[in-house]
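S.K.: Chain by chain, the residues:
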Amino acid sequence: MMALQAGPLTGRRGRRIVLDSIEIGPLEGGTITSLLGPNGSGKTTLLRALAGLFPVQGPMWLGPHDLGGMRAPERANYCAYMPQTLPPPIHMQALETILVSMRASGAHPDEQAFDTAIDTLERLGIADLSLRFLDELSGGQRQLVGLAQVLARSPALLLLDEPLSALDLRHQFEVMAVLRRETEARGMVTVMVMHDLGMALRRTDSAVMLAEGRVIGAGAVENVVTPTILARAFGIRARVERSAEGDSLVLVDGVSNISEERAAMDNQSDHYRSAPSSS
Amino acid sequence: MIRVSGPDGSEARRTYAALNRRRIRIIIGLVAVLIACFLVDLSLGPAHLSFSEIVRVLLGNDHGGPASVVVWKLRLPFAVMAILTGMALGQAGAEMQTILDNPLASPFTLGLSAASAFGASLAIVLGWHVPVPIPWLGGEWIVAVNAFVFAIGAALLLDLVARWRGAATGTVILFGIALVFTFQALVALLQFLATEDALQELVFWTMGSVTRATWPKITVLGVACAVVLPWSLRSAWALTALRMGEDRAASLGVDVPRVRLTALLRVSILAALAVAFSGTIAFVGLVAPHIARRLLGEDHRAYLPGSALVGGLIMSAASITAKNLVPGEVLPVGIVTALVGIPFFLVTVLRHRRIS
Numbered sequence: 001m002m003a004l005q006a007g008p009l010t011g012r013r014g015r016r017i018v019l020d021s022i023e024i025g026p027l028e029g030g031t032i033t034s035l036l037g038p039n040g041s042g043k044t045t046l047l048r049a050l051a052g053l054f055p056v057q058g059p060m061w062l063g064p065h066d067l068g069g070m071r072a073p074e075r076a077n078y079c080a081y082m083p084q085t086l087p088p089p090i091h092m093q094a095l096e097t098i099l100v101s102m103r104a105s106g107a108h109p110d111e112q113a114f115d116t117a118i119d120t121l122e123r124l125g126i127a128d129l130s131l132r133f134l135d136e137l138s139g140g141q142r143q144l145v146g147l148a149q150v151l152a153r154s155p156a157l158l159l160l161d162e163p164l165s166a167l168d169l170r171h172q173f174e175v176m177a178v179l180r181r182e183t184e185a186r187g188m189v190t191v192m193v194m195h196d197l198g199m200a201l202r203r204t205d206s207a208v209m210l211a212e213g214r215v216i217g218a219g220a221v222e223n224v225v226t227p228t229i230l231a232r233a234f235g236i237r238a239r240v241e242r243s244a245e246g247d248s249l250v251l252v253d254g255v256s257n258i259s260e261e262r263a264a265m266d267n268q269s270d271h272y273r274s275a276p277s278s279s
Numbered sequence: 001m002i003r004v005s006g007p008d009g010s011e012a013r014r015t016y017a018a019l020n021r022r023r024i025r026i027i028i029g030l031v032a033v034l035i036a037c038f039l040v041d042l043s044l045g046p047a048h049l050s051f052s053e054i055v056r057v058l059l060g061n062d063h064g065g066p067a068s069v070v071v072w073k074l075r076l077p078f079a080v081m082a083i084l085t086g087m088a089l090g091q092a093g094a095e096m097q098t099i100l101d102n103p104l105a106s107p108f109t110l111g112l113s114a115a116s117a118f119g120a121s122l123a124i125v126l127g128w129h130v131p132v133p134i135p136w137l138g139g140e141w142i143v144a145v146n147a148f149v150f151a152i153g154a155a156l157l158l159d160l161v162a163r164w165r166g167a168a169t170g171t172v173i174l175f176g177i178a179l180v181f182t183f184q185a186l187v188a189l190l191q192f193l194a195t196e197d198a199l200q201e202l203v204f205w206t207m208g209s210v211t212r213a214t215w216p217k218i219t220v221l222g223v224a225c226a227v228v229l230p231w232s233l234r235s236a237w238a239l240t241a242l243r244m245g246e247d248r249a250a251s252l253g254v255d256v257p258r259v260r261l262t263a264l265l266r267v268s269i270l271a272a273l274a275v276a277f278s279g280t281i282a283f284v285g286l287v288a289p290h291i292a293r294r295l296l297g298e299d300h301r302a303y304l305p306g307s308a309l310v311g312g313l314i315m316s317a318a319s320i321t322a323k324n325l326v327p328g329e330v331l332p333v334g335i336v337t338a339l340v341g342i343p344f345f346l347v348t349v350l351r352h353r354r355i356s
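Chains G and H, in that order, are what the protein sequence lines are.
If you're matching positions, the first sequence starts at 1 in full-length UniProt numbering and goes up one per residue.
If you're matching positions, the second sequence starts at 1 in full-length UniProt numbering and goes up one per residue.
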């Protein structure tokens, strides 16, 4: 199993620094990491940087492979990235789009490709959609097809940008279960941008919290999704409690005002420093 | 996961194979209709020749006779040129719509045609042209070369804009529209300044016509089509992936800037040659890809040749109409392409709606 180790990564958009010396990892193979943070904190940019779609300075290693030194087509052999936008509603069968995604990089036709595509659709529970056209599917169904497109490539590093955003509750949990199974079975490093903190707590192993292009918390997910870090990242007053069944829940009591937040930050600054190393 | 009974592997495989077979059948059908159109185009015209006479001439049994002159100097070159121009524009439009991710992209709407018309007007009105190092090329070729150079220039400008800090495709479209208006204004200015004779010549460019087809021109365009189509098919998978979004394609290992640049190169060769020989012809480059997409789907292995065939078909039908709409008069084909193409277009669009 290969681990992902990246950073410090620095990325600019124009003159503005959007990723500020971000260090990630090592994220072990077979684990799921959630990438958390408020809007505009650099989650998507970081994910695209890991996928090689946004230029950054800094090293990126996946096991013995130097991802940073690879051109996009070569990198695609290791990484699969699912953008936040849903696959567009074009007149193409779901199965076709998966075959295209497996062959786009110029790979030679493979007798197995077909079986892999069908198999992936089955594992996601959408085998019945395989011959439907994308322009007749709902947003959520297209998101599932998009997920099948990346999973069918059997990547070592799976990068998902809000893969649950268009799914109903049941599908959210089902997709997380599939991702868990696939991640463990294949020893993948799975990194996903998420907004649902409760889901992150319950279904991912580790987390990276970003705010304004910096990492303000990283490590085991329960050490990252904490009241203090949430206050600092989102400006909210939140608690982490346990449900009757023992699952962790995030309860948001309200919005913290800025001065309170600053005070909390000053008082707790030692805690922030210790949080990233607590894994 | 809930298991919904879906098609199993072998059934899906069969259905996918059937889909591909259907595409091949449609392409064969298009070729057949194109050949039929070509034959009709050959047999109709102001000089009333019977079909058997035409066959006799084509088989080489009538040297130097008036029928032979009509067929070899007029009918055949016009008919072939119409098809080649349509194929070039259809394929150019198809690739443009994919790489720019915009259904309104075509050589005409993004200024390649306007630029080449301007290049031609410069040569016709002011006698200004790029230096042509081959002395035996006649005046008509100098105009064509000028048109070609300007079309290539416009294509390169579009590419520059596309790559300039990764401009969004919307920016490229807007820039193309700016090019159209700029060059149209410049052409209008030259028309205003032009002498009577030059104006006559300019009409050919602004309306588009296949009546200046000669065998050397046909050879050049034919070779271009024969080279560019197979070349584009090599990137068929990458181009299909591009239809799923640029980021998605890039993450699938498609070298998007390179695919885009090579596609734009192909587009400029085809569009520039087509326009240089036949003038500005609107509509075909825009609509042929849409019809092909409706008929064949997004898989570029079928969509690219399909767009070329539909383009050829529209132009061939337009050429027939141009010769026969007004008795004894051959209209510029550019005038009738839209009139002929719109029914095609409406039929496919409406038929598709009903099915889905």
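By construction, these hints were calculated from the structure, which means they are not laboratory data.
Don't take each hint at face value.
[Unchecked claim] Below, a sample of chain H positions facing chain G; criterion: calculated Cβ distance under 7 Å:
| no. | residue |
| --- | --- |
| 1 | T15 |
| 2 | D159 |
| 3 | T214 |
| 4 | P216 |
| 5 | A236 |
| 6 | W237 |
| 7 | A238 |
| 8 | E246 |
| 9 | R248 |
| 10 | A250 |
| 11 | V254 |
| 12 | D255 |
| 13 | G297 |
[As the list claims (entries may be wrong)] Label-pair distances were calculated between CB atoms; the ranges are:
| no. | chain 1 | residue 1 | chain 2 | residue 2 | range |
| --- | --- | --- | --- | --- | --- |
| 14 | G | E136 | H | R163 | 32 to 38 Å |
| 15 | H | G170 | G | E136 | 24 to 30 Å |
| 16 | H | W164 | G | G246 | 40 to 46 Å |
| 17 | G | P88 | H | V326 | 56 to 62 Å |
| 18 | G | Q84 | H | V349 | 29 to 35 Å |
| 19 | G | E28 | H | W164 | 49 to 55 Å |
| 20 | H | L157 | G | L249 | 45 to 51 Å |
| 21 | H | I28 | G | G40 | 28 to 34 Å |
| 22 | G | R13 | H | A32 | 52 to 58 Å |
| 23 | G | G254 | H | R22 | 57 to 63 Å |
| 24 | H | L157 | G | D168 | 46 to 52 Å |
| 25 | H | P103 | G | E136 | 36 to 42 Å |
| 26 | G | A113 | H | G65 | 21 to 27 Å |
| 27 | G | R239 | H | G170 | 42 to 48 Å |
[Claimed, not checked] Calculated from the model, a selection of chain G residues having no Cβ within reach of chain H, i.e. all distances over 10 Å:
| no. | residue |
| --- | --- |
| 28 | V150 |
| 29 | M199 |
| 30 | I236 |
Computed from a predicted structure; not experimentally measured.
Every residue gets a Cβ at the ideal spot worked out from N, C-alpha and C, and that includes glycine.
S.K.: 56 to 62 Å was suggested as the range; check whether the CB atoms of P88/G and V326/H agree with it.
M.R.: violated (45 Å)
S.K.: Is it true that Q84/G and V349/H lie within 29 to 35 Å of each other by Cβ?
M.R.: For V349/H against Q84/G, whose Cβ atoms are near 31 Å apart, the range 29 to 35 Å holds.
S.K.: Taking the closest Cβ pair, is R248/H under 7 Å from chain G?
M.R.: holds (6 Å)
S.K.: If I take the minimum Cβ distance from M199/G to any residue of chain H, is it greater than 10 Å?
M.R.: For M199/G, whose nearest Cβ neighbour in chain H is about 17 Å away, the distance exceeds 10 Å, so it holds.
S.K.: Determine whether the Cβ-Cβ distance between G254/G and R22/H falls within the hinted range of 57 to 63 Å.
M.R.: Given a distance of about 60 Å, which is inside 57 to 63 Å, the answer is holds.
S.K.: I want to verify a distance hint. Is the separation of the beta carbons of L157/H and D168/G within 46 to 52 Å?
M.R.: holds (47 Å)
S.K.: Hint check: is the beta carbon of T214/H less than 7 Å from a beta carbon of chain G?
M.R.: Violated, because the Cβ-Cβ distance from T214/H to chain G comes to roughly 40 Å (cut-off 7 Å).
S.K.: Do the Cβ positions of E136/G and R163/H conform to the proposed distance bound of 32 to 38 Å?
M.R.: Holds, at about 35 Å.
S.K.: With 40 to 46 Å as the target window, see if W164/H and G246/G comply at their CB atoms.
M.R.: violated (56 Å)
S.K.: Closer than 7 Å between Cβ atoms is the bar; does E246/H clear it against chain G? Give me holds or violated.
M.R.: Given a least distance of 9 Å, the restraint on E246/H is violated.
S.K.: Does the CB of D159/H sit less than 7 Å away from some CB of chain G?
M.R.: violated (19 Å)
S.K.: P103/H and E136/G, beta-carbon distance inside 36 to 42 Å?
M.R.: Violated: the Cβ-Cβ distance is about 19 Å, outside 36 to 42 Å.
Figure legend: structure checked against the earlier numbered hints; hints not met, in rising order: 2, 3, 4, 5, 8, 16, 17, 19, 20, 21, 25, 26 and 28.
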